[in-house]
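Visitor: Single-letter residue listing:
Protein chains: 2
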Amino acid sequence: MSENVAVVGVGHSKFGTRKDVNMAELAWESIKPALETSGIEQKDIDFFVVGYAGLGGSEAAMPSVIAEYAELSPKGSMRVEAACATGNAAIRVGYTAIKAGIADLVLVVGIEKMQESPNPTVIELIGRFGSYFWEFENFGLTFPGYYALHGTAYMMKYGATEEDFARVAVKNHYYGAKNPYAQFQKEITIETVLKSPYIAWPFKLFDCSPITDGSAAVVLASEEKVKELGIDERIWILGQGTGTGTANLSKRESFTSLASARYAAEIAYKMAKIDMDDPTKYLDGANVHDCFTAPEIIAYEDLRFCKPGEGYKMIREEQTYIGGKIPVNVDGGLKAKGHPIGATGVSQAVEAYKQLLQKAEPGRQADIKKGRWLAHNIGGTGHFAYVTIYGLEKR
Amino acid sequence: MSENVAVVGVGHSKFGTRKDVNMAELAWESIKPALETSGIEQKDIDFFVVGYAGLGGSEAAMPSVIAEYAELSPKGSMRVEAACATGNAAIRVGYTAIKAGIADLVLVVGIEKMQESPNPTVIELIGRFGSYFWEFENFGLTFPGYYALHGTAYMMKYGATEEDFARVAVKNHYYGAKNPYAQFQKEITIETVLKSPYIAWPFKLFDCSPITDGSAAVVLASEEKVKELGIDERIWILGQGTGTGTANLSKRESFTSLASARYAAEIAYKMAKIDMDDPTKYLDGANVHDCFTAPEIIAYEDLRFCKPGEGYKMIREEQTYIGGKIPVNVDGGLKAKGHPIGATGVSQAVEAYKQLLQKAEPGRQADIKKGRWLAHNIGGTGHFAYVTIYGLEKR
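Heads up: the protein sequence lines correspond to chains U and P, in order. According to the numbering used here, the first sequence is numbered sequentially starting from 1. According to the numbering used here, the second sequence is numbered sequentially starting from 1001.
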């Protein structure tokens, strides 16, 4: 058993439209650098976990397909899925396997290839990750619609505007432009967002994260292994919380907050010994699940970066830019970096590693003074929530 | 952290054609008795895992759908998949969460509803769990074909006959007839098998496990929780191994053995401190993955119940009936009990609990003298292998 678990290596494919590679090749693009940065080989891996939501491609036994290409057999594996929180859920499985003492080195790969989705279309497949029967089939809601209900409720309750939401996209594109792995590497203005066509009011095209192909990988290691291999460049998992929401949105108490995210954050903060009254005092930055612009603002509040109803002020005041109260999504977030569902949570871990070790690209490196980074990964509209806290120092 | 993890409660739905219930209701049929037998309530659960291969039904966020119906929110959850080894992979996630000390009580539910599969048909969906591109798409192989290659190779190499394979089905139907949860509760003869129509030579209809709807659930608990709740009726997880095979059958060295299963068994035996030279000395019985008849015989060999090439003699000599060297699949196995993919591995854990605590139905209770039971769960044709060993006494 290992009280502490470290991220010792990371890899990240270029996110975007990746018709140039098949699934196994796309996985290898992140596995190879993850092995290289950790200084280990395939034979050293005890167990591997594939985060894959299944939204594209025809292959079913994905860990086996990846294992063959990446030469990971005969080591044990499984696929993990928690809708858009799949990547972080996969990290949980690797983390607990090491903490439980049944593995010392675990490879976690998150992957999705959404541009080649077979029938039913990827929009329909994503739409099913709500309550299929009540909301998708009966009301025809798909994801922009689900989150638009939250965006609308937030505007109504607190007086936020479409401009406020647009500011999130502007920030995330600003940083995405500095991230060579991002799907969109172009800065935009508030006008770009406001003039883009409506998808589901109040969301316009530029309020929405894109359909993305990509993979990300991390190598996790036990405390003993870190010592044995003499790995200096590593970060630690300080805490992780997870929560599950109702499938039916009609059963939710509030649309301006995700109960599962608040629940997951509380567990993670407690585990990482972070004061819940002001977690920003402990964090150098965060990645939050900005599948649309409004949910990033709601995440500020669910994660207690500010009081309820004040999230939109944080973006108005640029408090989530580098230099502000807490930098958020300075890799471009789901909005500009892209959102290949299974890869997103793993990509957040890659970003935590890069930020904490001050390896982020020029112009998007946050100041690292407190030594902790948070990842907030949501599946569905809070159907699943995972919050993981990474740190330079052990627990 | 908890060195030892126990199964403290179990539940099992009726397996078969279950058009009378939806997914959430089917899950509840096993969750309810699992909670009742463990003496806990939903609020006591820290985390839950859903083993679901996704072969039927339109709902995508299955843990959330089940959480809402079974009142498990806001507790964290995820879905786990490893083809037909999904159930045992889900148990691994619950097991490691407790062993890691991040949960004390975990609910693991395995479920599949295959009779209502949408397009593509369930046969096609199962067929993809090989190497989709090379074998399914190019050669049109589906699962009976994949395993028929193994059955044929076994016959060629060792001189086993179609009658030998038929004997497996006869045994499993004999015990299935005594299991009220089994899909088929009818005894059959060798003639029944031999006269049934060919599906893929040498397999006839009665060599094949059926398409099944069903769920199974277990509650796992830490050592501390077992003590705290004063739970007397529990078994312990003594060891678990997992292995991954190549996706392409053409890359396999042998067709008379599954390398991933041998690898998984070695890890499990080592962890459970079982002598690999004769594990049957340590085991009161086993559940093995008889998706077809021949693979049960191959499993005897991969699990070292006998030497390579002698598996067919074990069934000829009725050594895997109760009273023989080691009783195997005395709940009917996949063949007669049914094989609702995500549920199968969890159903095996339910059977281990019932057998070791001598709660199996009349006529199918094995003699419990050694206090250990093995579960062998295969995904694909050895694409995934999970072997778990349960015991009356802690490690």
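Read the hints as simulated data drawn from the structure, not as lab findings. Treat the hints loosely; a few may be bogus.
Stated by the list, open to error - Pairs of lysine to any residue, SDA-like flavour, derived with a Cα cap of 20 Å: (1) P:Lys-1043 x U:Arg-262; (2) P:Lys-1251 x U:Lys-354; (3) P:Lys-1043 x U:Lys-19; (4) P:Lys-1273 x U:Leu-392; (5) U:Lys-394 x P:Arg-1316; (6) P:Lys-1270 x U:Gly-54; (7) U:Lys-19 x P:Tyr-1132; (8) P:Lys-1043 x U:Ile-267; (9) U:Lys-251 x P:Gln-1042; (10) P:Lys-1032 x P:Lys-1270; (11) P:Lys-1043 x U:Glu-253; (12) P:Lys-1273 x U:Glu-71; (13) U:Lys-43 x P:Met-1001; (14) U:Lys-307 x U:Met-155; (15) U:Lys-354 x U:Leu-392; (16) U:Lys-19 x P:Phe-1133; (17) U:Lys-270 x P:Gly-1101.
Model, not experiment: these values are computed from the prediction.
Visitor: Give a verdict on every hint.
Guide: For each hint, the structure was consulted:
| no. | hint | result |
| --- | --- | --- |
| 1 | P:Lys-1043 x U:Arg-262 | holds (17 Å) |
| 2 | P:Lys-1251 x U:Lys-354 | violated (38 Å) |
| 3 | P:Lys-1043 x U:Lys-19 | violated (46 Å) |
| 4 | P:Lys-1273 x U:Leu-392 | violated (38 Å) |
| 5 | U:Lys-394 x P:Arg-1316 | violated (58 Å) |
| 6 | P:Lys-1270 x U:Gly-54 | violated (34 Å) |
| 7 | U:Lys-19 x P:Tyr-1132 | holds (18 Å) |
| 8 | P:Lys-1043 x U:Ile-267 | holds (16 Å) |
| 9 | U:Lys-251 x P:Gln-1042 | holds (18 Å) |
| 10 | P:Lys-1032 x P:Lys-1270 | violated (35 Å) |
| 11 | P:Lys-1043 x U:Glu-253 | holds (19 Å) |
| 12 | P:Lys-1273 x U:Glu-71 | violated (29 Å) |
| 13 | U:Lys-43 x P:Met-1001 | violated (28 Å) |
| 14 | U:Lys-307 x U:Met-155 | holds (16 Å) |
| 15 | U:Lys-354 x U:Leu-392 | holds (11 Å) |
| 16 | U:Lys-19 x P:Phe-1133 | holds (16 Å) |
| 17 | U:Lys-270 x P:Gly-1101 | holds (14 Å) |
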